[in-house]
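**Q** Sequence:
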Amino acid sequence: MILSTLIYTFFLIGIGLILFLFFSKGRLQRFAIGITIFLIILPLCFVAFLGIFKSQIQQGKIFPQLGPILILLSPPDDIKKPLGVAYLTPNKKEYNLKITHKYLGNHEILLYFKKLNSYDELEKTKKELFLTVEFKYGSRIIYSAVSERPISYYSYAATENKSVISFIRYNVPNNLPINTVLQVKIKVEGNIEQFIEKYGPVRIEIKKGSDI
3 MILSTLIYTF
13 FLIGIGLILF
23 LFFSKGRLQR
33 FAIGITIFLI
43 ILPLCFVAFL
53 GIFKSQIQQG
63 KIFPQLGPIL
73 ILLSPPDDIK
83 KPLGVAYLTP
93 NKKEYNLKIT
103 HKYLGNHEIL
113 LYFKKLNSYD
123 ELEKTKKELF
133 LTVEFKYGSR
143 IIYSAVSERP
153 ISYYSYAATE
163 NKSVISFIRY
173 NVPNNLPINT
183 VLQVKIKVEG
193 NIEQFIEKYG
203 PVRIEIKKGS
213 DI
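Position one of the sequence shown corresponds to residue 3 (this note's numbering), numbered consecutively onward.
If you're looking for bench data, these hints aren't it; they were derived computationally from the structure.
Any given hint could be a false lead.
[To be verified] Across the chosen pairs, the derived CB separations fall in these ranges: (1) Gly140 x Asn163: 38 to 46 Å; (2) Gln196 x Ser76: 42 to 50 Å; (3) Ser146 x Thr102: 13 to 21 Å; (4) Val87 x Arg142: 34 to 42 Å; (5) Pro175 x Lys116: 30 to 38 Å; (6) Phe55 x Asp213: 14 to 22 Å; (7) Pro203 x Phe65: 36 to 44 Å; (8) Ile144 x Pro92: 29 to 37 Å; (9) Gln67 x Asn163: 35 to 43 Å; (10) Gly140 x Lys189: 29 to 37 Å; (11) Asp213 x Val87: 18 to 26 Å; (12) Asn98 x Ile214: 43 to 51 Å.
No residue lacks a Cβ here, since even glycine has one placed at the ideal position from N, Cα and C.
Could you put together the complete structure from these sequences and hints?
**A** What follows is the structure, given as structure tokens:
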């Protein structure tokens with residue numbers, strides 16, 4: 003949306019400069035030509051390039067440094083789709099998933115459960131569980147992380163009428179590679195059975211996070 007607006011804005015400014023160029027003469031005309039090339043044609047070509055190769059840039063195939071910026075300006079349709087999902091089960095502490103990171107930037111491991119009505123309720127829940135995660139490529143562990151206790155980063159969202167806690171945050175490609183199949187082992191410590199009794203079904207998701 004933002005990318006389309008930029009292209010449209012440059013197009014309108016370009017039309018105005020071309021009209022000015024058409025009606026100007028001499029030194030003023032040469033100045034108008036330089037301004038048109040520098041302020042309109044070059045940026046417009048760059049923006050058009052971003053639009054044409056948006057998907058490849060966001061997935062880190064070309065110019066990976068621009069990936070997170072372009073994701074912010076023009077989010078892909080599937081940006082919120084989870085990379086992996088598991089449901090907490092009483093007496094089960096390990097959950098194994100297989101995922102592939104599609105986009106550059108920050109990612110999160112989140113817990114979804116029933117919507118809580120106050121900040122104080124959410125404060126209590128974030129101290130009840132503790133997560134560790136290992137990412138493997140083949141048989142080799144290439145990255146591991148733990149949730150801090152108490153959890154340092156969390157969020158409260160009305161998505162699906164659920165509360166959401168972010169346990170672990172990491173970055174692609176700083177911590178993990180993109181477009182690579184990885185095995186993920188998530189260990190959950192705490193009284194899982196009691197947590198489920200209090201807050202209902204609990205879903206673990208790995209998904210793209212905010213880059214802001």
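**Q** Where does the structure disagree with the numbered hints, that is, which hint numbers, in rising order?
**A** 4, 10, 12
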